[in-house]
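Generate the whole structure from the sequences, applying the supplied hints.
Chains A and B, in that order, give the protein sequences. Quick note on numbering: my numbering labels position 60 of the first sequence as 60, and the sequence is numbered without any gaps. Quick note on numbering: my numbering labels position 85 of the second sequence as 85, and the sequence is numbered without any gaps.
Hints should not be assumed to be uniformly reliable.
To be verified - Examples of chain A residues lying across from chain B (beta carbon under 7 Å, computed):
(1) 115
(2) 116
(3) 201
(4) 231
(5) 238
(6) 240
(7) 290
(8) 291
What the hints assert, rightly or not - So, partial list: chain A residues that the calculated Cβ filter (under 10 Å) puts toward chain B:
(9) 78
(10) 197
(11) 199
(12) 200
(13) 204
(14) 232
(15) 237
Unchecked claim - Mimicking EDC-like on lysine to aspartate or glutamate, the simulated pairs with C-alpha atoms at most 20 Å apart in a straight line are:
(16) A:119 with A:30
(17) A:19 with A:135
(18) A:209 with B:34
(19) A:209 with B:117
(20) A:209 with B:95
Worth flagging that the hints you see were computed from the coordinates, not collected in a lab. Backbone N, C-alpha and C fix where the C-beta goes; we use that ideal spot for every residue, glycine too.
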Amino acid sequence: MTDQSSTEATAEPVHSEDKLLPELVAHLRDNRTDLRQQWAERITQAHLLTSMTNQEVFSEATSVYDNYVEVLETGSVKALQHYARDLSERIIPRGVETHEVIGIVLLLRDVLARSLFEKYRDDFELLNHVLDAYEPAANRIANTVAVSFVEQRERVIRDQQDALLELSTPVLQVRERLLILPIIGVLDQDRAQQLTEQLLHGIRAHRAKLVVIDVTGVPNMDEAVANSLVDTVTASRLMGADVIITGLSSEIAQTLVTIGVDLSKMHTVGDLQGGIEEAERQLGFRVSKVPDAD
Amino acid sequence: MPTDARAPSTPLPASILSQGPNLIVSIHAALDDEQLVRLQRDLLERVGRDRSSGILIDVAALDVLDSFAARTLADLAYMAQLRGARTVVVGIAPEVAMTLVRLGVRIPLTQTALDLEEGLEWLAT
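Structure below.
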């Protein structure tokens, strides 16, 4: 496409793309109300954007339509990119899916293409030229919107992952020099790494001698995760703190033995209570019940 | 100040202090391989001369501990044990511990403790 070249026309090549695009844009402007209406109807028919009201769909459709025409006119997707990012930011929290966004952009492409067929159906050659000009631009627009949406979505997911990482690993002191680290949820390499880091800093800050790591809340464990747990224990020992692991479920115990992970050098106790009691014993605490507590 | 019997090279950035039955080694800056070997030799000599029963090595000032250093410390602990002294390494920083583990370095025989105080306590038991 050479739409940036001069539009000062030499009259002969009537079908030059330089002239066709402005013609196309004019057509889309003239039929704005009608085409937009058709598009919104097709969106509803296809059951897309069901989480939005018809009114919202219509107003977003208007904006997209105008942006669409502008891209065809100027050849620059900058404004559209910006708008698409905004749009994604607005609709992602409402649960709009990627296939819906791509679906509506493709629908617009179809609606506009149909209207072009309609307009130029008597002159097949001209129609071909019009489509030559229209298709690359339309594809570029669809691409831009889809990519913006997916990028925005990935950004949201990344932010959430970060937030989750922050939240998920408290290092708590339960007695003098005794820490507990309850792990809830799926452990992966990244999280195990981050957890180790927090634990080691916690050991130093609290001058801990013993750490109870409770994995009751970990649904499953593979070889990599088990090994990173072993690494956590080793690193803690280098800092002078011993580790007791509690809450290995029967499924995990079976898996670990089946896949041949060696946890025999680790100190494991059945449940968190047992782990804390064992730790207290090692640290020299004796917890006893006061008679007639009530 | 470091004792150095043979090598005429620069002084080690580490000090060996005698405190009661123990030798306290404080490493101030990263040691290269040659300096590590020298430290190992010096220490083993001192163990015999001072009739020490414990060695405490403080590495709190180090932000890197490579596999050779870790191996040398482990060897030292074993050698010192053969001469009748127990060794404890103290002050390994969290980042150093992470790196050591990630590199797959195990310091098998070496006892570790959080800091000087803890290390001395262990040596006293």
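A quick look at each hint next to the structure:
About 62 Å separates the beta-carbon of residue 115 of chain A from the nearest beta-carbon of chain B, more than 7 Å, and the hint is not met. Proximity of residue 116 of chain A to chain B is violated relative to the hint, the smallest CB-CB distance being about 61 Å (cut-off 7 Å). This hint holds: residue 201 of chain A has a C-beta 5 Å from the nearest C-beta of chain B, less than the 7 Å allowed. The restraint placing residue 231 of chain A at the interface with chain B holds, with a minimum CB-CB distance near 4 Å, inside the 7 Å limit.
Hint status for residue 238 of chain A relative to chain B: holds, with the closest Cβ pair at about 4 Å, below 7 Å. Hint on residue 240 of chain A holds. Least Cβ distance to chain B is approximately 4 Å, under the 7 Å limit. For residue 290 of chain A, the interface hint is violated, the least distance from its beta-carbon to any beta-carbon of chain B being 32 Å, above 7 Å. Restraint check, residue 291 of chain A versus chain B: the minimum CB separation of about 35 Å is more than 7 Å; hint violated.
Look at residue 78 of chain A: its Cβ only gets to about 44 Å from chain B, farther than 10 Å, so that hint breaks. At its closest, the beta carbon of residue 197 of chain A sits 6 Å from a beta carbon of chain B; the interface hint therefore holds under the 10 Å criterion. Because the beta carbon of residue 199 of chain A sits about 9 Å from the nearest beta carbon in chain B, less than 10 Å, this interface hint is met. Hint status for residue 200 of chain A: holds, given a least beta-carbon distance of 3 Å to chain B, under 10 Å.
A distance limit of 10 Å between C-beta atoms decides the matter here; for residue 204 of chain A the minimum to chain B is near 6 Å, and the interface restraint holds. Because the beta carbon of residue 232 of chain A sits about 8 Å from the nearest beta carbon in chain B, less than 10 Å, this interface hint is met. Annotation: interface hint on residue 237 of chain A holds; nearest CB of chain B at approximately 6 Å, less than 10 Å. Our distance criterion of 20 Å between C-alpha atoms is met by residue 119 of chain A and residue 30 of chain A, whose separation comes to about 12 Å.
Our distance criterion of 20 Å between C-alpha atoms is met by residue 19 of chain A and residue 135 of chain A, whose separation comes to about 15 Å. Restraint check for residue 209 of chain A and residue 34 of chain B: the C-alpha separation of about 34 Å exceeds 20 Å, so the hint is violated. In summary, the hint linking residue 209 of chain A to residue 117 of chain B is supported, as the alpha carbons are separated by about 13 Å, within the 20 Å threshold. Using a Cα cut-off of 20 Å, the hinted pair residue 209 of chain A and residue 95 of chain B holds, with the two alpha carbons roughly 18 Å apart.
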